[in-house]
Structure formats: C-alpha cells, structure tokens
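Residue numbers (the numbering used here), protein chains in the order written: chain Z, 1 to 684; chain E, 1 to 309; chain S, 1 to 247.
Just so you know, the hints here were simulated from the structure itself, not pulled from any lab data. Idealized CB from N, CA, C, for every residue including glycine. Mixed in with the good hints there might be a few duds.
Far from chain S, by Cβ distances over 10 Å, these chain Z residues were calculated [what the hints assert, rightly or not]:
#, residue
1, Arg201
2, Ser327
3, Pro407
Just so you have them, the derived chain E footprint on chain S, three or more residues with Cβ under 8 Å [as the list claims (entries may be wrong)]:
#, stretch
4, 85–98
5, 102–112
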Amino acid sequence: MRNAVGIRRLLPTVTGGGVLSRVSLRRRARFGVLMVTAAALLFPVINGNDADIDSAANAFAFAALALGLNIVVGFAGLLDLGYAAFFAIGAYAYGVASSWQVQPEWSGFWEPWQWLDLVSRFHTANGDVVHFQVSFWLMLPVAAAIAAFFGVLFGAPTLRLKGDYLAIVTLGFGEIVPIVARNTPSVTNGAMGLNGVAAPRLFGYDFGVNATPYYYVGLALVAFLIFTSQRLKDSRIGRAWMAIREDEIAAAAMGVDRVRFKLLAFAIGAAFAGATGTFYVAKLQTATPEMFMFPVSVMVLVMIVFGGIGSVWGVVVGALLLQILQSWFLEDLSQWLHALGRLVNVEWLQHVELASSIELIFGFILVLMMLYRREGLIPAIRRVAPLSLDEQTAQIGRGGFDRLPGPLPNPPPLAGEGRVGARAASGPLLEVSDLTVRFGGLVALRSVELSVPAQTVVAVIGPNGSGKSTLFNVVTGVVPAGRGSIRFAGEAIERLRPHEILERGVARTFQNIRLFPNLTVLENVMIGMHARLDTGPMGALLRLPANRREETAAREHAREILALFGNRLLPRADHLAGSLSYANRRRTEIARALATQPKLLLLDEPTAGMNPAETLELADQIQSLNHNGLTILLIEHKLDVVAMLAEQVIVLDHGEKIAEGPPEAVRRDEEVIRAYLGRSAAFA
Amino acid sequence: MSDYGVLLQQVVNGLSLGAMYALLALGFTLVYGILELINFAHFNVFMVSSFFGMWALQFLGITGQSRVLAGPALAGALVFAFAVTMIGAGILGVAIERLSLRPLRGVRGTAAMITTIGVSYILFNIILLTVGAGSENYPNPLPVVRWQFGEVTLELKELLIWGVAVVLMLALHFFVNRTRLGKAMRATAQDAEAARMMGIDVDRVIVTAFFLGSALAGAAALIFGLYYNYTSFIIGYTAGLRAFTAAVLGGIGSIPGAMVGGLLIGLIETLGGQLIAVRWTDVIIFSILVLVLVFVPTGLFGRATPTKS
Amino acid sequence: MPDLLEFHPMLEFKAVDTHYGDLHVLKSVDYRIAAGEIVCLLGGNASGKSTTMKAIMGSVAPTRGEILYEGHSLKGVSTAERVRRGIAPVLEARRLFPRMTVYENLEMGAYTRRRGLEFDEDLARVFSLFPRVEERLQQLAGTLSGGEQQMVAIGRALMARPRLLCMDEPSMGLSPAYVEQVFDIIRTINEQGVSIFMVEQNANMALSIADHAYVLQTGQVVLSGPAAELRQTELIRHAYLGELKVA
C-alpha cells in the first residue's frame, strides 16, 4: 500500500514497554521542543555574527515555505510544482503596498486611507501622488489572504486531474506568475526588481538592515506555522486531507467534500507562502522575478522530500538542514577542498565552489531519496507498541452484539431528515426504478428495479459481471446513473455527489477494500465520522472547548465501534490499516461505514476471504446491526450466508434482474440456476 | 517587407522550429505512451546532447564558423555529428532509465516523475558547473545559401532541418508500424499485461523506447545548434517547455499527435511572437498547456483517459 | 494418442497454494491435464479460477507446491519462455490490442516464433478456422464486436503454435449464438491436436465439450471427475451457489 508519493507502509515495530513508554515518549518530545525553542531564542545572543543570523533568518523563511507546501503535498497529496507563485504573490503584494513603485494620482478617494495611515500624500513636480505605506504587520495576514485567493484560483482547474497532470498545471501557473511579474514593470519594476520596500516598524523602532529583528520575526512565523500545521493535522480537517490523499473515492464515499477540502488545502498552503513572501521581501527590501521561479519551487519540494513528506517537524528539519548545508557547510567544505587542492597541486580543486553546486546536490538528494528513502529523514508514520499474546489471539464469537454505540452528542442533523421524515416512514427506504447504466457501448445495468424496505436485509446476487457492484456504485453516486431514478427515504439522489449521499445516511464498503492504508485503524474509523462532526479550520486551529469535546466524543465513539468486533480491532486501533490481515481490513471497513451513522448500509462481499467460522461470526454481527435498526443491502456469493440473513434476494444477470424473492425460492428458480451454470444451448 | 511577407516568413521559421519541437516531443511521447511517465529529464538530455554534437564537430576540426564545408565532406561531417549525438543521447537516456527509473517501476503515484525532476537537475547542473553559464558558439560547417521566394527567404539550414526531421519521422513511422520490435512497442503501450502474455519482453521494449526517444532528442539538439548557432545550459528548459506543450496538445502518447503538435507550437511561437510580443510567448505556451490539460486532456489525437489511477 | 508424453501429464498442479498479501487464494490445489484433453475449471465468483490462469502463465507464483509442464517445473520460468515452450493464453475479456489491426494482433501472437513458412502456415490455419477474421484483417481490433474479438483472440493464441491453449472465460460477454460457435471451434482445435485448459463460468457449455472437469470453491477443489459424470450430478449446482461446505 502506498500513498501519492509511493511511501511504503511501515509494519508495527517494537518500541519497548507498553503504556508507560508512550507517556514518557510524549514527555520526551515536549522536553525536546522546549530545548529547541530555548536554543533558537538564544542563538542571536550567543552568536553575534550578523551574517550568520541573516542566514538563519533566511532559513526560517524556507522552513515556513516547506510547512506550507507540506500541507498541499504532504497532507492532501496534491503535487504542486508551482508553489513559488504564492511566495511571489505575497512578496509583491507587500512590495507594492509599501514601496514607491506604484504612485497613482492623488484624489479624494484616497483620503480615508490616509486617515488610516495606509497611504500618504506625496508632493512631486507633476502634482500630488499616493505613496503606499501599508504596515508590514497588517500586510502579513492580508498577503496571506490574497495568496489564499490565488491558491483557490489556481487549484480549481486541477480538481479533476490526476497526480502528474495536476503537477504540470500547477507548474504552468507557477511559471506564468513570475513572467507576468517581469512583463508588467509598471507594477513590479520588471526584471530590475522592486526596491525601496519599507522595512517593518515596531513601536517606532525601524528594523533597518540589522538581521536580528528579522530573525525573531522569522522564528515567530515558523513557530506559528508549526503550531497551525500540527493543529490542522490532528483534527477533522487533517484527517479529511489525508483521506483524500490516500483514496479519493473512498474519502468521498465516507462523506468528505473533495472539492472543498482540496481548495482548502491549496488556500492554506498558499496563505503560508504569501505570509512568508511578505516577510522575505521585507527583509531583503527588494523583490525580483528571479527569486520566484521554478528552481525555488523545486527547492522547497526537495526540502520536504528530504525532511519527510507529511511530517511537520520533518519538513522544518529538512529545510533548515538544507539551508545550513548551503550557507555554511558548503562554504567550509569548499575552503577545505581549496586547501587540499593546494596540497596535492590539483588545479580545479583549488577553484571549486561547492555553494554554487547546491542545485546539483538537490538533484541528487531528490533522486536518492525517491529511490531509497521515500518517507524522508523523519517519517510521518509513527511506530506502535507490540501486541500482548491475549491481544493477538482473537476468540471467534458467535451471537453478534446487543447494542450499537449511541449517536454522537450534538450531531448535525442528517441532511434531508426533517422534511422527508414523515414521508419516509411509509415507503421503502431505498427505491430504484428503471435504472439503466452504460459504459461506452456496454450496458451494465438495464431497467433495474429494486425496493428495500426500512430495517430489512436485502441481498443482491448474480454471476460475475452481472452488474452488482455497478449497482452499488450508482446508488452511492460514484458512477452517474444513465436513466432511471433512485430514491432514498423518498428523496431523489441520483444526481447527488457521493459525500452528499453519505450525509443523507447511505454508507458502503467496497468489493476490493478501500481503506486508507497509511492511516491508523482508529483514524480510518474517525474519517467515517467526518460528515457528523462540525469542526472547521478555525475550530481546528483554536481548539475551543466545544471542539475538544467533539473530538473526544468522536474518539470514544470510534473505539466503541471497534469494540463491536471483539478484540480483533480494538488492540490494533493505532496500527496502520494497511498492516492488518485481510479479514481485519474488511472489518475495519465495516467499522468505518458504521461510524457514518448510516440508515442504509451497502456491504459489498463482506465475508470474502474469510474462513467459515469467521464468516458466521460476521454474519451474526451483520444480523445484530439489522436488529439495531440498520437497513442492509448486501452483495454476497455465499448463499448460506444469504439464506441466513436476507429476507429478500434479488438476482442480477448481465445487468438485468432475473429473479426476486425469498432465498429459498430463488435458489430453486430455474432462471437463476441457468444464469449461474450457463445456458447449455443457444435457445434454452 | 509587407505585413503579409513578414507573416509568411514567420510561417517558414515556425515550421523549422516546429520540426525541432516535433522531434523532441516525439521522444517524450514514446516514453509516456508506454510508462505513463512524464519524464522531466528528457529535456536536459536534449541539452546535454547538443554539447555532444558540438564536441563531435569540434573533434572534426570545425569550430565556430571558421570552416565551411561542401559536398561529400559536408555530408560526412553531418552524418558523423548526427550519429554521435543521437547515439550518445540514446545511451544517456537508457542509463537514466536503468539507474533511476527501473527501481521505481511498480511504485504508484508521482514518485517516478519526481525522480525525473531530480535527474533533470543533475544533468543541468553538471553542464553548468563544467562548461559554464556562457553560451557556446556552435560549430557550423554549413555554407550560408539563401533562396528568395517573393518576400520570403529560405536558407539551406532550414532545408536541412526539414529534411532531417522528415527522414527521422518517416523512419520512426516505419519502425513502429513495420518492424516486430516497433509493433511490440505499440502493443505494450496499449496493454502491457497482454503484451507480456504474448511473450514480449516488456523490459526490452521500455529500454528501446528510451533509447529511441533520447536519440530523437539528440537529433533535435544538433538541429538546434546548427539553426541558432549557439548552445547553452539553459536550452533544455525553453525548448522543453515548447516540446512538452506540443506533445500534450497533440495528445500525449500519440506519435502523429507529437508531430502535428510540434509543428503547431512552432508556428504559434513565431506567429505569436510576431503578432503579440516575444516576451509573452512563454505565457501563451504555458496557457495552452494548462487549457489543454484542464479541458481537453486527450489533446488532438490522444486516446481516452489514461489507465493509471 | 499413444506417445511418450502420456507418462507426463501435459500440465500438472501439485498441492499449489497462492497468496495475495495475506489472503490465501488457492489452497493445496491439484490439477492434471493429459495431452490431447480438454479440461475445464469451473466455479463461481471469487473461487480462484483467474488466479489459476495467472499461475499457469507466470503472473502469479505459487507460495507452496509446484506447477509442472511436460514434466518440467515452471518455477522461475518467465512468461515469455512459457509461451515459447508452447503455452498460449486466451485472456479474459479478450484484451486485444485495440489500436492495432487484426493482422497486427495475430502477428503479436506469433511474437515468439520466427517469420517464414511456419508463420504463413499458422495464419492459413487461423483463416480456415475463422473466415470472418480473414475478412476483417485490416480493421482495428477495438472496433470489432465481442464475438469477433473472441475469434481474433483465439486466433492470436494459435499463432504461437501452442501445445496447450489456456482459455480464461471464453464465453464471457458473448451472445448465445457466438458462445456456441466458440465452443465448436474449441472442439475443432482440440481435434487438431491442441490440449485445452479452460476456465469457465458457464458450466453447462464447458461440460458439453470437456473430457475432464474440476470445480473450485473459495480456492479449493471440491469436485473433480470426467465431464460426462459431472454433468449429471446436482453437486455442481451446490458448488456454484456456494452451498457446499468445505471442511
């Protein structure tokens, strides 16, 4: 199982000890962060060298960029090769807003802005003009917002594209921006670059050219962005992004609005770059198009690949290490090589300048990391403690379970619930009428009719290629319906998108299991709750009491659902879903579907790959689900399971319904037998 | 010269450029057709090959415009230069495939593409560090011969370019449509699993695609040098963008698409530069790239949506 | 066919297990195909039929047990080499090369063979079996109907001059009329000396031409015997409808 950049899933490995080591691990991590923060704060005091501090401040800028790109590439799995465009936008936004570059004529329109101290009136020989002097501190969030807008603008066309095409389109935008900057000298002063960009002022103190104040601003920016990244990552938002990264279709089927969250990733990633652009330009007091071209985008990519895609601290470390490499280590190494050259009297050694070959090194890093360590220096995937013997051996329990976990406290009302409630009580829960679906020239489903009364179990059977999975795909919105109607609780759903259908209470599992392999079992299940939780990006960032309550309740609920499967899943809650056995992965997928609090559950071959004992155990559990109020539509090949569970069986063959009725009747039906065993002659 | 004449001249120039872009796009599309891989390194293989060509000509004693040859000597020199450049480029392409792409063959997602970005960087910077950032004067053994057709001037070197391009494209066409290995390449591009079941050595097919594709890039590189009389470390980037857009416009993975796309982009570049402004041609070309990928990803001749998810 | 080859079955699976990750697909499976026979492998969905095909062609390697072809183990033998040794596949859903002509598809089938006299002989043989194919020689394979594609697919496999033809669900997606034609042709090919191993879901048609049959259910062989016998029994129905409980 691999994610968008092919990162291998890691098997659970030993750390040593159980609960105790986990606690001390967290405490150790906190201590580590404290030490690093102290070191960072004290660095300019200890090392008085202005050039070093300046390099460090630059390094912070790139760490910030790495954090931003990490959100787009690492969290959401969208390979953006034109990230420098947002850097440029933030930079030029501040540059124009605080330099002498743009000087429109003065008019009454500008007076309120002057009153706000954003512009000033300047007398020239040709009349009065406007001088923009927006404060750096104000521009930081404003530039971030402008960049976020462009993030959405550039991201929108890429929504339907697959990985490498998406990368190319973002590359295209990434190139267009600096070229536009170069070709509109009236605004940007073209290739010569903006100059006279005002330095920030804090309480009357002007930053000037001393590196130290910039260092602290950069440090604060990076710290804030680390904080924001971590908060987002460990929240409903982060989970939604990672679900999209791992498996878009499954994410949508579990209620994630892909369009919204992809654009959100682009926007927030761009915002990080925009703010950093403002910082960087304020520090350099100039901006030229060369600072924002493709090599810069690649450099940030190298930083996150090197540090660890998806890992917040990893990309920071990666960025800082590469900057240190470039500004200090290579210089020193070059000096050393010069000396060596003199010693052995080799000409070119005496002249080699390693610092200028930093891009060559980047190239090697990129290739070597992709070949040998795709997860980076500090992988995003954590290690887990081993299982005890008890936890490893599962008891097969018959009889299912008594109760389903109750709904989450304060869940948002299920979409469509209020108005169709009364109507729904009378008719079938799911009604499919005259459904026809075509793929190219092939008719996958032909005029199929299906009616699933509430709180029943209906099974769909049929030979290979009869259209069973297609039926599921159409009902859940993954595949568009050609002709016909699908009604859920009285509401027509054939035009809705998968996550909208999920919101209304239809959940499913997939025939070939679509879990999120690089996420833990618990995270997989919690993604199921995405549509039932409320926390948005601001909530994730601020973690207000309501958000924290919601997250705790969600975690509890998830564990309760896992507990329905005995001790098979719960002890493995923190294991990567990809590392589970085949049968356990099936169970996890069902757990995930249950977490969506569905009214109708579509199970596609849930017992495939299980031995008879496990099959019966799961059959009991499905029966319990039904007894607890769930309506179930089941695709199954094992007819004894069907006989045990289903009240009604529908038989499909070559896309058409050929029989319908209770299991016993269907089994003996001539048509059905012929469909399975095949016609013996052309006109049978 | 009248406006009409200027435009016509630009059409001639555009066709020459287009021929070069077509060759470069062909190499790119051959690999994509089989592996569905966007090979960023291709365009710096092109750049490096132009140096191979330069060194080959210098080896024959031709530097700058100092010596102009004629007749059999000219033909011999050109054949030698093309052979060296194309074979050198082919070997470089195969080396890249073996060393950096083959280990990633089964890996899903964009890992292989990212690797080609890395390789591209490596090639680019090796040249930058060894040869330097200056642009090199390209040896040019071609005599300057011009013909005048009304308001349009046609040079010998343009005829040469068209001639070479046509020959190579015909050769490629012959290869993929008339030879066993060529057909095996097409089969592999359409269904690699089924091809394997026919006993086709898919590995060998991939190596062949890389060799041929890179060799075509080499030919394009030598053409570039002879046409513009210079080369430098940066040419891969500018020509690469055009060729890439050409491949996408024609339909990525389609051989006739790359040929037509190349010519179209060449024309768009010269006419766009003439009618709008040279400094905006990059933006125009990038815009075409983005628009095609977003709205018509199959391009002019391409097949239906790619199979890789 | 009294022949030294009788001492070795043409193809033999000996206690073969396969896995897909940790999923146990084929469970200690035994098959034997004698030279000149038509053997069919029947079973419902998810029974392991496709995996058997893949194991024969070499896309999947057994995790236990061995597969023998004409007495020699196929372990480590590449797909291309297996084709050269005389095993040719007719793939599930045909999988012709859609943008190549019928003729080119046939050429690809003969990839492992030399051009020359044998190629022309094989081509003539294909034409005699499938006159329709000869008519459509220059047409792009992707534009043919399902039944026509199946003809070309079988023809393509025959161009490898195989001794063992492995067919994966030849009746799938075909209209009943074509199904009959295809099975007739399979019988004819077998009479010409080619052994046939056929994976099929349509038990009735398959049993009508096969000599011997195996029935798979969730990766295990639950029934085996002469086709004529199996045709009479109710057990097949039970196996297909997933009712046979396996110990």
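Hints and how they fare:
no.	hint	in the structure
1	Arg201	62 Å, holds
2	Ser327	47 Å, holds
3	Pro407	35 Å, holds
4	85–98	holds (count 6)
5	102–112	holds (count 6)
The structure fails none of the hints (numbered hints given earlier).
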